[in-house]
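K.L.:
Those protein sequence lines, which keep their order, are chains W and D. Each residue of the first sequence is one higher than the one before, counting from 1 in the numbering used here. Each residue of the second sequence is one higher than the one before, counting from 318 in the numbering used here.
No wet-lab data here; the hints were simulated from the structure. Remember, it's a predicted structure, so these values are computed and weren't measured experimentally. Take these hints with a grain of salt, some might be off.
Using 27 Å as the maximum straight-line C-alpha spacing, the simulated DSSO-like pairs for lysine-lysine come out as follows [said to hold, decoys possible]:
| hint | chain 1 | residue 1 | chain 2 | residue 2 |
| --- | --- | --- | --- | --- |
| 1 | D | Lys333 | W | Lys73 |
| 2 | W | Lys18 | D | Lys481 |
| 3 | W | Lys33 | W | Lys18 |
Among chain D residues calculated to face chain W with C-beta under 10 Å, some are [what the hints assert, rightly or not]:
| hint | residue |
| --- | --- |
| 4 | Phe336 |
| 5 | Val364 |
| 6 | Lys402 |
| 7 | Gly403 |
| 8 | Gln487 |
| 9 | Val488 |
| 10 | Gly536 |
| 11 | Val538 |
| 12 | Asn540 |
| 13 | Arg566 |
| 14 | Ile570 |
Heads up, the beta-carbon is just placed ideally off N, CA and C, and yes, glycines get one too.
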Amino acid sequence: MSKNNSIVVKSVVKKFGKFTALDDVSLLAQSGKVTGLLGPNGAGKSTLIKVMTTLLVPEHGTVMVDGVDVVHKPALARERIGLAGQSAAVDAFLTGRETLVMVGRLYGMKAKVAKARADELLEKLGLTEAADRQTKTYSGGMRRRLDLGASLVATPKVLFLDEPTTGLDPRTRLQLWDIIRDLVAQGVTILLTTQYLEEADALCDYIYVIDKGKMIIEGTSEDLKGSLGQDIIELKVADSHIVATQKLLKKLMNQDPKVDTATRRLSIHTKSGADDLLKVAESMKKSKINVEELSLHRPTLDDVFLAVTDDTEGAKS
Amino acid sequence: MSGISNTAQIVKRNVKRNFRIPQLLVFSSIQPIIFLLLFNFVFGGAVTAGTNVTYINYLLPGILAQTALFGAIQTGVGLAEDLNKGVIDRLRSLPIARYAVLAGRTLADSVRNIFVITLLCVVGATLGFRFHEGVISFLLGALLIVFFAFAFSWISGVVGLLLKDPETVQVAGFLWVFPLVFASSVFVPVATMPSWLQVFARNQPVTQVVNAVRYLTQGGVPNGMTYVWISLLWIVGIIAVFAPLAVWRYRKIQ
Numbered sequence: 001m002s003k004n005n006s007i008v009v010k011s012v013v014k015k016f017g018k019f020t021a022l023d024d025v026s027l028l029a030q031s032g033k034v035t036g037l038l039g040p041n042g043a044g045k046s047t048l049i050k051v052m053t054t055l056l057v058p059e060h061g062t063v064m065v066d067g068v069d070v071v072h073k074p075a076l077a078r079e080r081i082g083l084a085g086q087s088a089a090v091d092a093f094l095t096g097r098e099t100l101v102m103v104g105r106l107y108g109m110k111a112k113v114a115k116a117r118a119d120e121l122l123e124k125l126g127l128t129e130a131a132d133r134q135t136k137t138y139s140g141g142m143r144r145r146l147d148l149g150a151s152l153v154a155t156p157k158v159l160f161l162d163e164p165t166t167g168l169d170p171r172t173r174l175q176l177w178d179i180i181r182d183l184v185a186q187g188v189t190i191l192l193t194t195q196y197l198e199e200a201d202a203l204c205d206y207i208y209v210i211d212k213g214k215m216i217i218e219g220t221s222e223d224l225k226g227s228l229g230q231d232i233i234e235l236k237v238a239d240s241h242i243v244a245t246q247k248l249l250k251k252l253m254n255q256d257p258k259v260d261t262a263t264r265r266l267s268i269h270t271k272s273g274a275d276d277l278l279k280v281a282e283s284m285k286k287s288k289i290n291v292e293e294l295s296l297h298r299p300t301l302d303d304v305f306l307a308v309t310d311d312t313e314g315a316k317s
Numbered sequence: 318m319s320g321i322s323n324t325a326q327i328v329k330r331n332v333k334r335n336f337r338i339p340q341l342l343v344f345s346s347i348q349p350i351i352f353l354l355l356f357n358f359v360f361g362g363a364v365t366a367g368t369n370v371t372y373i374n375y376l377l378p379g380i381l382a383q384t385a386l387f388g389a390i391q392t393g394v395g396l397a398e399d400l401n402k403g404v405i406d407r408l409r410s411l412p413i414a415r416y417a418v419l420a421g422r423t424l425a426d427s428v429r430n431i432f433v434i435t436l437l438c439v440v441g442a443t444l445g446f447r448f449h450e451g452v453i454s455f456l457l458g459a460l461l462i463v464f465f466a467f468a469f470s471w472i473s474g475v476v477g478l479l480l481k482d483p484e485t486v487q488v489a490g491f492l493w494v495f496p497l498v499f500a501s502s503v504f505v506p507v508a509t510m511p512s513w514l515q516v517f518a519r520n521q522p523v524t525q526v527v528n529a530v531r532y533l534t535q536g537g538v539p540n541g542m543t544y545v546w547i548s549l550l551w552i553v554g555i556i557a558v559f560a561p562l563a564v565w566r567y568r569k570i571q
């Protein structure tokens, strides 16, 4: 099994003082696949990335990346990994080309080789025209691409992307997705963190959801959606009707509906979708509660995420 | 071997940083010149620095030392900035020597110091600064300042890695640098200070270095060579203590 896994994390514990950032976390990332790490802010995503990329030493547990023990042989591990995203940064005062050449030289490449590699990556990432401008003139998307480029200089077998598309506009996000898919096609193993469920759904072969330092659920996107098992009925009502609707649904369906007061939406699981939908609609009408929207849908990753993560404000990472 | 080449790359990166970020360039060029002009014209009349030495000849070695120390604060500030921006994390994720990031920073700051010292000597010359002990002796004096600044950069590096926040490092820098600069022979002869302060002022490293550089550029300092040797001892001692301390802190970054 572990032969096919480029990343093997076992029972990792990482504490900052009294705060337990990672609490007995385990994870496997299959070689040549994209593994997603999802979780709200402060869940421990970045901490886990830092542990896997040698930046943090865990108190307990083992981490193997591409067959190398990260905790005990960090120098060896660093030769095999690439890191990009919010955990790493590019310098605003260097040009794109200088950034990539510097990284290449730091990997021990000869000047000529580093330059050729930089040119190649700039071309691949569509940055050739901007190559000799300082990166402070780059757009957010260009900077992300350069950042990704810096992590690719040494052609790593395992790539860690810490929220690679956070804050990017949809078009730029799609561009980055394409680049990531290209890398996977070349056989690179990727572990990425994201807050965008849609991104995990689109890119990841396997997903872990982490919350408050604990792994709470894992599986393929389909597994996770299936884990909720059932369809979901969702209603939107006026503020003043939320409580009444909640009571009504509870009585009707024999379960506590999930309530999001901010969006005024209530949702409830159903086994016999259409029948229950009619039942809810009828009973709402009888109770004279005006329903603004009423829908029946398959669970999305958002639903999974909301179902399994705690909605109370997590501790800051 | 690869550690040296790693360090060279980081030096290159930091030199670019020091010269491409406008506020850093102003800091390392215009600000020291303003200090030189201000102190020369404000104190120049009041301080007749003893014998036959004009105030600019007395002041310039002091301003060089002051610039070196103020510049050293920037070593810690720069490290803290890189730490916060994630640059250090990127570098730590690469297979490079552990000391390269720190040595690359302190050496790059030495490059900046050579630039500032040259600049100050040129401006000083227009104000009447002259060296009287020959070119070699003058160059040795300049070199002593560069090494002194290098040593203090390591202290600042430890402060930067401990405090981690650039603004805090800046403020803390003034706390430990100001007493060293002002309670010394940088601007005025130590003999004019109250006796309790003289004990500190005479024996702290800045006075040693400034007196050594005065000896090397102007001559006429009694026991001049002793100041040179004591300065070298301070430099070696500071590096021997703070360089390993900085590398140790760097390894423990969370």
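K.L.:
If a hint holds in the structure, say so; if it doesn't, say that too.
P.N.:
Do the hints match the structure? See the list:
Of the pairs offered as hints, the one joining Lys333 of chain D and Lys73 of chain W is violated, with about 33 Å between alpha carbons and a cut-off of 27 Å exceeded. The suggested pairing of Lys18 of chain W with Lys481 of chain D holds, with an alpha-carbon distance near 20 Å, which does not exceed 27 Å. For the suggested pair Lys33 of chain W and Lys18 of chain W, the alpha carbons sit about 35 Å apart, so the restraint of at most 27 Å is broken. The interface hint given for Phe336 of chain D is met, as the beta carbon of that residue sits about 9 Å from the closest beta carbon of chain W, less than 10 Å.
Hint status for Val364 of chain D: violated, given a least beta-carbon distance of 40 Å to chain W, over 10 Å. Nearest Cβ of chain W to the Cβ of Lys402 of chain D: about 5 Å, under the 10 Å cut. The hint holds. Taken as an interface hint, Gly403 of chain D checks out: its beta carbon lies about 4 Å from the nearest beta carbon of chain W, inside 10 Å. Look at Gln487 of chain D: its Cβ only gets to about 19 Å from chain W, farther than 10 Å, so that hint breaks.
Given the 10 Å rule on beta carbons, the hint for Val488 of chain D is violated: about 24 Å separates it from the nearest Cβ of chain W. With its C-beta approaching chain W no nearer than about 43 Å, Gly536 of chain D sits outside the 10 Å limit, and its interface hint is violated. This hint is violated: Val538 of chain D has a C-beta 42 Å from the nearest C-beta of chain W, more than the 10 Å allowed. About 46 Å separates the beta-carbon of Asn540 of chain D from the nearest beta-carbon of chain W, more than 10 Å, and the hint is not met.
This hint is violated: Arg566 of chain D has a C-beta 15 Å from the nearest C-beta of chain W, more than the 10 Å allowed. Hint on Ile570 of chain D holds. Least Cβ distance to chain W is approximately 8 Å, under the 10 Å limit.
The structure fails hints 1, 3, 5, 8, 9, 10, 11, 12 and 13 (numbered hints given earlier, in ascending order).
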